[in-house]
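Modelling step: build the complete structure from the supplied sequences, incorporating the hints.
Residue numbers (the numbering used here), protein chains in the order written: chain A, 1 to 93; chain B, 1 to 489.
I should point out that these hints are in silico values taken from the structure, not numbers from a laboratory. All of these numbers come straight from a predicted model, not from anything done at the bench. Be careful, since some hints might not be right.
[Said to hold, decoys possible] Computed list of lysine-lysine pairs in DSSO-like fashion (alpha-carbon distance at most 30 Å, straight line):
{"no.": "1", "chain 1": "B", "residue 1": "396", "chain 2": "B", "residue 2": "259"}
{"no.": "2", "chain 1": "B", "residue 1": "388", "chain 2": "B", "residue 2": "267"}
{"no.": "3", "chain 1": "B", "residue 1": "283", "chain 2": "B", "residue 2": "267"}
{"no.": "4", "chain 1": "B", "residue 1": "388", "chain 2": "A", "residue 2": "38"}
{"no.": "5", "chain 1": "B", "residue 1": "267", "chain 2": "A", "residue 2": "40"}
{"no.": "6", "chain 1": "B", "residue 1": "388", "chain 2": "A", "residue 2": "40"}
{"no.": "7", "chain 1": "B", "residue 1": "259", "chain 2": "B", "residue 2": "388"}
{"no.": "8", "chain 1": "B", "residue 1": "283", "chain 2": "B", "residue 2": "388"}
{"no.": "9", "chain 1": "B", "residue 1": "267", "chain 2": "B", "residue 2": "396"}
{"no.": "10", "chain 1": "B", "residue 1": "283", "chain 2": "B", "residue 2": "396"}
{"no.": "11", "chain 1": "B", "residue 1": "267", "chain 2": "A", "residue 2": "38"}
{"no.": "12", "chain 1": "B", "residue 1": "259", "chain 2": "B", "residue 2": "283"}
So the chains spell out like this:
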Amino acid sequence: MSDFNIHYVARLARIALTPEEERTLGAQLDPILGYIAKLKEVDVAGVEPTAHAFPLVNVMRPDVVEPSLTQEEVLRNAPAHAGGLFIVPKIVD
Amino acid sequence: MLHRLTISQLTERLVRRDVSAREALAACLGQIERVDGQVKAFLSIDRADAEAQAGAADRELAAGITPAEKPLLGVPIALKDVLCHRGQPVGCASRILEGYISPYDATVVSKLQAAGAVVFGRLNMDEFAMGSSTENSAYWTTLNPWDTTRIPGGSSGGCAAAVASNEAFATIGSDTGGSIRQPAALCGCVGFKPTYGRVSRYGLVAFASSLDQIGPFTKDVRDAATLLGVISGHDRRDSTSLPEPVPDYRAALTGDSLKGLRIGVVKEFQIGGLDPGVDLAVKAAIANLEGLGAEIVEVSLPHSDYAAATYYIIAPAEASANLARFDGIRYGLRVDGPDPFELNCRTRGAGFGAEVKRRIILGTSVLSSGYHDAFYLRAQKVRTLIRKDFLDAFGKVDAIVSPTAPTAAFRVGEKSSDPLQMYLSDIFTISCNLAGICGLSMPCGFTGSPRLPVGLQLLGRPFGEETILRIAHAYEQATGWHREIAPLG
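Structure (structure tokens):
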């Protein structure tokens, strides 16, 4: 990843970094990216990927309404709410 | 010295009514008062809530409820700050979750309480379970009860330090790449990572969902078997939990002979860089196992050298997706901005610590357009090969033995400026999570000078918990390392 651009990736990850953090994190990520690139040595031709060690497919529960958290409980941890809604900055002018 | 009892010893005395659950809790709180100023394992404790639970346990004991019905009745057990406990804070030792109160119980917490446990206290950890020393906690570094100039390991460092200092009879943590076994090794207690899917992850704040598993820290192997029996089992709230029956794990602790068992030592783990004191203790332990009747066999895990690289692609990739939920909108910290995008960026920039940012950015890069196939997809394929290595090895042996960590507890600050070196301290533990198998760490002696605990790792087949418990119990009975008490114990 020689063209690794920390500023670009941090925006993708929605993390604001100070210029100082960009320098430190960028410098620390360099050897890590170099280290993980060693997987290029492995012959993976014809190998299926593993997403979970024990893949279970189509785990369903019965389609029945069950009790859940109340609106009050859900909003209790919200940084800003009013009238049963989360308050966010204006999105459309 | 009530606080030094194991769960099985405490339970006997509770049943005889020699001690009450309130006294057992008071013994923990007293020990915390004496030593936690130095160990710093606990982030917070709700005394009133704990005392109410202990009072309820005493009423049940008085009513004649037995350990057969409730195996943890009146036993104080503390939680890593990553597990939800209704009405209590859960913060993952992160600023971004400061003030967050759990609206529900994790399934393991419900199970502990149904078994009668007094669930109390929030234990320090590396932020979002990312780290090997607790130095990544947003609050403070927990210190090792054997030597307070050293780290307790991580990420569940608070769990291990609390058990080693006898501040709790047991604790519950999580293990994504070694976060139970490595701190258990460094603090000299028993730490168990069950098979993936054995224990429900419902109510565990997710780090890397295909690797995370919850497990206990205990003072001995019997207590690990007891707790594993309580917390295991299928849960319809976790679609990755497996519908396998839960055996009576204590019944696996049969006696002292290991005749008929084959235990593997891994050819590829015979690497340089192993601390000589660790090497000596583990070699002696392997000789003990042989003396107990086990046949020691060399096995090969040919892709071992790629496990760390595979892990440091898959775990950050999954973390970058899981931690997207911390957006400053619905819960947790909010740092305002002119629009939602800036609000997200500022909140996450202010709320996450350096290691969490590093891993999210690493994970985002390996998943980003143009890199996904070369890194993430390739890592998932290497994961298949690593898993196959283990399944092949378990065709020849019943368990695998190794050091848990390449060194004993290191000094505070020794590795914190070099993330890659820190990552490599998990070299013996991470492949277990990639393969989804079970593993434990138990005390197997000490390094010479300074005298620090050494951990022995036993790895077992998927759902092979009983076999490694049997081996661990026989070894423990033969050697007695678990009876050593830390200076702050």
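Cross-check of the supplied hints:
| no. | hint | in the structure |
| --- | --- | --- |
| 1 | B:396 with B:259 | holds (15 Å) |
| 2 | B:388 with B:267 | holds (16 Å) |
| 3 | B:283 with B:267 | holds (14 Å) |
| 4 | B:388 with A:38 | holds (20 Å) |
| 5 | B:267 with A:40 | holds (23 Å) |
| 6 | B:388 with A:40 | holds (19 Å) |
| 7 | B:259 with B:388 | holds (27 Å) |
| 8 | B:283 with B:388 | holds (27 Å) |
| 9 | B:267 with B:396 | holds (14 Å) |
| 10 | B:283 with B:396 | holds (21 Å) |
| 11 | B:267 with A:38 | holds (21 Å) |
| 12 | B:259 with B:283 | holds (19 Å) |
Violated hints for the displayed structure: none, as all numbered hints are satisfied.
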